[in-house]
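Chemist: In case you want the letters, here they are:
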Amino acid sequence: MTPFWRRLGDAAFALLPTLPYARPEKQACGGEAVVARGLSAGARPDGPAAFVGADFSIPCGCRTALIGPNGSGKSTLLRVLAGLVPPQAGEVLVAGAPPAPGRSRIAYLAQRPQLTEGFPLRLRRLVQMGTYAHHGWFEECRHGEAAVDGALARLGLTELADRPAHALSGGQLQRALLARALVQGAEVLLLDEPYAALDAASREIVERFLFDQGHAFTVLMATHDPADLARFDRILELRAGAVRTRHACSGHDHRHA
Amino acid sequence: MLDLLLEPLAEPFFVRALLAVALGGVTCACLGAYVVLRRMAFVSTALTHSILPGVVGALLLGFSPYVGALAAALLTAAGAAWLAARKGASEDSAIGVMLSVMFAAGVALMQQANSWRDFAGLLFGSVVAVGEADLRTIALTAAGVLFGLRVLHKELELAAFDEEYATLLGARPGLMRVVLLALVALGAVACVRLVGALLTTALFVIPAATGVLLGRTVPQVMAWGVGCALAGGVAGLYLSYHLPAVPSGAGIVLCCALPYLLARLFAPRR
Numbered sequence: 001m002t003p004f005w006r007r008l009g010d011a012a013f014a015l016l017p018t019l020p021y022a023r024p025e026k027q028a029c030g031g032e033a034v035v036a037r038g039l040s041a042g043a044r045p046d047g048p049a050a051f052v053g054a055d056f057s058i059p060c061g062c063r064t065a066l067i068g069p070n071g072s073g074k075s076t077l078l079r080v081l082a083g084l085v086p087p088q089a090g091e092v093l094v095a096g097a098p099p100a101p102g103r104s105r106i107a108y109l110a111q112r113p114q115l116t117e118g119f120p121l122r123l124r125r126l127v128q129m130g131t132y133a134h135h136g137w138f139e140e141c142r143h144g145e146a147a148v149d150g151a152l153a154r155l156g157l158t159e160l161a162d163r164p165a166h167a168l169s170g171g172q173l174q175r176a177l178l179a180r181a182l183v184q185g186a187e188v189l190l191l192d193e194p195y196a197a198l199d200a201a202s203r204e205i206v207e208r209f210l211f212d213q214g215h216a217f218t219v220l221m222a223t224h225d226p227a228d229l230a231r232f233d234r235i236l237e238l239r240a241g242a243v244r245t246r247h248a249c250s251g252h253d254h255r256h257a
Numbered sequence: 001m002l003d004l005l006l007e008p009l010a011e012p013f014f015v016r017a018l019l020a021v022a023l024g025g026v027t028c029a030c031l032g033a034y035v036v037l038r039r040m041a042f043v044s045t046a047l048t049h050s051i052l053p054g055v056v057g058a059l060l061l062g063f064s065p066y067v068g069a070l071a072a073a074l075l076t077a078a079g080a081a082w083l084a085a086r087k088g089a090s091e092d093s094a095i096g097v098m099l100s101v102m103f104a105a106g107v108a109l110m111q112q113a114n115s116w117r118d119f120a121g122l123l124f125g126s127v128v129a130v131g132e133a134d135l136r137t138i139a140l141t142a143a144g145v146l147f148g149l150r151v152l153h154k155e156l157e158l159a160a161f162d163e164e165y166a167t168l169l170g171a172r173p174g175l176m177r178v179v180l181l182a183l184v185a186l187g188a189v190a191c192v193r194l195v196g197a198l199l200t201t202a203l204f205v206i207p208a209a210t211g212v213l214l215g216r217t218v219p220q221v222m223a224w225g226v227g228c229a230l231a232g233g234v235a236g237l238y239l240s241y242h243l244p245a246v247p248s249g250a251g252i253v254l255c256c257a258l259p260y261l262l263a264r265l266f267a268p269r270r
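Taken in order, these protein sequences are the chains called A and B.
For the first sequence, the residue numbers in the numbering used here are 1 to 257.
For the second sequence, the residue numbers in the numbering used here are 1 to 270.
Hints may contain errors.
[Unchecked claim] Only part of the chain A face toward chain B is listed, based on derived beta-carbon distances under 8 Å:
hint : residue
1    : 12
2    : 17
3    : 56
4    : 115
5    : 119
6    : 124
7    : 125
8    : 161
9    : 168
10   : 170
11   : 171
12   : 173
13   : 195
14   : 196
15   : 209
16   : 211
[Unchecked claim] Here are some of the chain B residues that sit facing chain A, going by a computed Cβ distance under 8 Å:
hint : residue
17   : 14
18   : 37
19   : 217
None of these hints come from the bench; they were simulated from the model.
For each residue, glycine too, the CB sits at the ideal point set by N, CA and C.
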């Protein structure tokens, strides 16, 4: 028996049309996941440039490490690809289109996620926010329950689903944000030093998620750990304002192997 | 004992006051959840104080006080946003400037109108003076605000919790902040008759702060806040009915503070 106030609340939605946040993306990722030509950008659109005239590409399904000293612009590059910072010059395509708000096929994890402290929210709800990419304005969050359950299980969070988000450890939170990206249906994962907050157990789960899934994702991960680089197919190095590519991979070979 | 509760219900003004407090309390408690969670208590104080020049100005110029109050509240929100937009300016001080400037303008206008006594109800509330027309306005505003909160719940929650992710999804967190401010302005204008321009912010902050201590999700925070506002509002009305020395607005706010104190003392640690 649904209480009357809930039925009243649900009836409110019937009065309004559903509007998508952004135009839905249909075309699947094929060929190059990221293409940058003459790309220049800085932390602020009107500030000094962190790198100038970068040319590089990342094939679909390729795991790429992004390395470089502190302050070389790794975070800026990831934020440009996520669509949070506009490039100062040049052009960039991610999953076939310029990055912009509302691109559900791009997911970005900040080094230190800026979440409101003490916000009353259970972990399951946090992961469910990924399904908003497939909802729109004036729409109750209805579909995607199975995807949320699957993502929670894949990142080892099923038992923690009812935990308040602010009571999670750094590693658990990082896994929850990855689960949210999975639910969102992202194909390109932009990760800014995700291992920094992880304990050994969380790190193992995250590595399995990123590297052992038959190359379902294209990953670009900023990292400082030299021991880690062997796992990646390709390395992008940012140094003194330039981007260099070290040993390439062909994503399609991995994808269909 | 029962007489103490039933006797006031025979008075039509008391029944109207009860209805007005219930409607206003529910509206402010639900809005307050976002106000408290987004740490916007100071903005809500500025909006409620700026109602004073709006209402006085409207009375001087001869149009509806609700329209004047709403215009003044929106002017405050826009002014604070504009002052804070300058690089290096803090939002805190911008809000402080707008709050005091608007309130001083209100005091100056009251002098112009040449009557402090008429405006005592505006400053401190006079819920017993709520008439049929006021009640209709409060009910309509409450319905509108609650409707807005319901249909935008998932976007408002997302923008309050993780602004960057809201940007990435295209869910417009900046717009959501403006919508929330507009809803707070609407709610404040509706509730100014209950507890007055100086105390309306209490209806946003105290019940929701109680809810934050007790609730583990946003709807739970709202539910606890609504309970606190209803209990405090009704108790405050009875208090001021039986103790005429206590004005109704002050009684309501003091009675809302009691559940907050209890929650602070006895709520389990989250």
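Chemist: Work down the list of hints and note, for each, if the structure agrees.
Modeler: So, going through the hints one by one against the coordinates:
Proximity of residue 12 (chain A) to chain B holds as hinted, the smallest CB-CB distance being about 5 Å (cut-off 8 Å). Because the closest C-beta pair between residue 17 (chain A) and chain B is about 11 Å apart, greater than 8 Å, the hint is violated. Against a cut-off of 8 Å between C-beta atoms, the interface hint on residue 56 (chain A) is violated, since the closest Cβ of chain B lies about 22 Å away. The beta carbon of residue 115 (chain A) is positioned within 8 Å of a beta carbon in chain B (closest approach about 5 Å), and the interface hint is therefore held.
A cut of 8 Å between beta carbons decides the hint on residue 119 (chain A): the least distance to chain B is about 5 Å, and the hint holds. Because the smallest distance between the Cβ of residue 124 (chain A) and any Cβ of chain B comes to about 10 Å, over 8 Å, the interface hint for this residue is violated. The criterion of a C-beta within 8 Å of any C-beta in chain B is met by residue 125 (chain A), whose closest approach is roughly 7 Å, and the hint holds. With its C-beta approaching chain B no nearer than about 13 Å, residue 161 (chain A) sits outside the 8 Å limit, and its interface hint is violated.
About 13 Å separates the beta-carbon of residue 168 (chain A) from the nearest beta-carbon of chain B, more than 8 Å, and the hint is not met. Interface restraint check: residue 170 (chain A) against chain B, minimum CB-CB distance 16 Å, threshold 8 Å, status violated. Interface hint at residue 171 (chain A): violated, since its Cβ lies 18 Å from the closest Cβ of chain B, which is beyond the 8 Å cut-off. Annotation: interface hint on residue 173 (chain A) violated; nearest CB of chain B at approximately 11 Å, more than 8 Å.
For residue 195 (chain A), the interface hint is violated, since its Cβ never comes within 8 Å of a Cβ in chain B; the closest pair sits about 20 Å apart. Taking 8 Å as the C-beta contact cut-off toward chain B, the hint placing residue 196 (chain A) at the interface is violated, the least distance being around 17 Å. With a least beta-carbon distance of about 19 Å to chain B, the hint placing residue 209 (chain A) at the interface is violated under the 8 Å criterion. Against a cut-off of 8 Å between C-beta atoms, the interface hint on residue 211 (chain A) is violated, since the closest Cβ of chain B lies about 24 Å away.
Evaluation of the residue 14 (chain B) hint against chain A yields a violated restraint, the C-beta minimum of about 26 Å exceeding 8 Å. With a least beta-carbon distance of about 6 Å to chain A, the hint placing residue 37 (chain B) at the interface is held under the 8 Å criterion. Interface hint at residue 217 (chain B): satisfied, since its Cβ lies 5 Å from the closest Cβ of chain A, which is below the 8 Å cut-off.
In the structure shown, a violation is registered for the earlier hints numbered 2, 3, 6, 8, 9, 10, 11, 12, 13, 14, 15, 16, 17, in ascending order.
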